[in-house]
Amino acid sequence: MVISGKRKRCCSSGVFNLYQREVGVLSPRTFADRARASEDLIFRLGIDRRLNKHQGCVNTVSLNADGNTLISGSDDRMIILWDWEVGTARMSFDSGHKNNVFQARFMPYTGDRTVVTSAADGEVRVAKILEGGKVTVELLAEHKGAVHKVAIEPGSPHVFYSCGEDGVVQHFDLRSKSSTKLFICRSFKRRPAYISLVNLHAIVIDPRNPNFLAVAGEDDYARVYDIRKYKWDGSTNYGLPYDCFCPQHLIDHTYGITGLAFSDASELLVSYINEFIYLFPKDQGLGSDPVASSLVSDSDSDTISVYPDTRPGVMVYKGHRNRNTVKGVSFFGPNSEYVVSGSDCGHIFLWRKKGGELLRAMEGDKYVVNCIESHPCTTMIASSGMENDIKIWVPNAKEPAHANLEEILMANLSESDFDDDYNDYDLESDDDDNDDDDDDDDNDNDNDSFVDGDDVDFDFD
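The number in this note's numbering is simply the position in the sequence shown, starting from 1, with 1226 added.
If you are wondering where the hints come from, they were derived from the structure by calculation, not from laboratory data. Take these hints with a grain of salt, some might be off.
Just the calculated beta-carbon pair ranges, DEER-fashion [what the hints assert, rightly or not]: (1) 1500 to 1466: 47 to 55 Å; (2) 1626 to 1358: 21 to 29 Å; (3) 1384 to 1455: 44 to 52 Å; (4) 1364 to 1435: 29 to 37 Å; (5) 1276 to 1317: 18 to 26 Å; (6) 1454 to 1272: 26 to 34 Å; (7) 1364 to 1278: 25 to 33 Å; (8) 1623 to 1466: 47 to 55 Å; (9) 1626 to 1466: 32 to 40 Å; (10) 1422 to 1272: 41 to 49 Å; (11) 1412 to 1625: 25 to 33 Å; (12) 1632 to 1294: 22 to 30 Å; (13) 1625 to 1335: 40 to 48 Å; (14) 1360 to 1630: 47 to 55 Å.
This structure is a prediction, so every number in the text was calculated from the model and none was measured. Using N, Cα and C, we set each Cβ at its ideal position, and we do this for glycine too.
Could you build all of it, start to finish, from the sequences and the hints given here?
If you want it as structure tokens, here you go:
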């Protein structure tokens, strides 16, 4: 099944929710959350405005906790704070970086006056916005390679982490003048194609348990670490992760990972290069040393896999193309109801998390969409890519979108290097308009179409 034929159910559900609110069954907050997650709003998303001031590709967009200020960074090495609702820049300043800015984030509970940044020059910096608009910028640490992402400890105005292409994960406490190198992420030594260290692209912290931190980069595994096991004096420089995640068919058969995200239920979302996006439930990983636990030797010294044939609850999201740039991946909705990603085809892809059905493919850039940021309180998305602007998406369309996804999907399939196991896709449209079907019906569909997200069967023998 490709395109949902059940949109009327969204509207009728909205009317029912309104009735429940009026009779006191739903609290105002629950009603608001359900409204924000409405698929009717998803189908009405359109570009509300474009934010234009950068003089290069916009590599990072992020919102403050209230959602009223957006911060961006670019190849022009400038940081801009935006009033996105009006479409004007509140202020801008030079990041101090010597190369493209890859990430800029507000530190929480600082009145939006403390910003941390990372860049292609390997530097991690902090900017302090003073009264009167003066900005001071300080170098905190350097990696021996580009720093694509930083991860801020939830609720902390002081603590954050960085990961670099040197494989190093660093801990920062802004109350201290120095950073701590926690560990170096290394490949598992029993891999056939052993590489000493992993060039890291992504780092995220579990919002439900900030003791767990996930990193990923140029190898097969998304690794989750329990950071309580690492000493803040830097004496622990390497150790096994708490858990690892990878589909069995991608072990030793992937170019790596570009994006990670944790859901509000501690599920880990992983975007693979030239492959698909996978959602792994908590505690459904491969263990701290997956190579050792998954391979056993027979009498001829060959190895066979002892992974289970199926991984309950693992989802796959298909249709986009992730090949040329370091793309993020994220959740959308008050309770992570949707999965959203950019694509090399210039579209924003939006899937229903439960069941994995592709709902939208919205044109967001002439070339590539790399960054997606969702609003914490309302139905709004900010996106950026190879163009110099930032696009603000809100549900402003009078009628739900009826985009023809098949042309986009076929083009992406033809441009990708998927294995033969993935080349047989059913791209027929769904003509089922039965509004009485239950939501769980989507999960029971066994049709392995290009955009359906089914529970993944990892038996590829």
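If I claimed the Cβ atoms of residue 1412 and residue 1625 lie 25 to 33 Å apart, would that claim hold in this structure? 53 Å, violated
With respect to the beta-carbon atoms only, verify the hint that residue 1384 and residue 1455 lie 44 to 52 Å apart. 21 Å, violated
Pairwise beta carbon distance, residue 1632 to residue 1294, judged against the given window 22 to 30 Å: At roughly 39 Å between Cβ atoms, residue 1294 and residue 1632 fall outside 22 to 30 Å, so the hint is violated.
Regarding residue 1625 and residue 1335, is the given constraint of 40 to 48 Å on their beta-carbon distance met? 42 Å, holds
Take a look at whether the Cβ-Cβ distance between residue 1500 and residue 1466 falls inside 47 to 55 Å. Since the Cβ atoms of residue 1500 and residue 1466 sit about 28 Å apart, the hinted range of 47 to 55 Å is violated.
Outcome for the supplied range 26 to 34 Å, where the beta carbon pair is residue 1454 and residue 1272: 45 Å, violated
Is 18 to 26 Å a correct range for the gap between the Cβ atoms of residue 1276 and residue 1317? At roughly 19 Å between Cβ atoms, residue 1317 and residue 1276 fall inside 18 to 26 Å, so the hint holds.
Okay, residue 1360 versus residue 1630 on CB: inside 47 to 55 Å? For residue 1360 and residue 1630 the Cβ distance comes to about 51 Å; the hint holds.
With respect to the beta-carbon atoms only, verify the hint that residue 1623 and residue 1466 lie 47 to 55 Å apart. 49 Å, holds
C-beta pair residue 1422, residue 1272: status relative to the range 41 to 49 Å that was hinted: Given range 41 to 49 Å: holds, Cβ gap about 48 Å.
Is 25 to 33 Å right for how far apart the beta carbons of residue 1364 and residue 1278 are? 29 Å, holds
CB of residue 1626 to CB of residue 1466, is that within 32 to 40 Å? 49 Å, violated
Going through the hint list in order, the structure does not satisfy hints 1, 2, 3, 6, 9, 11 and 12.
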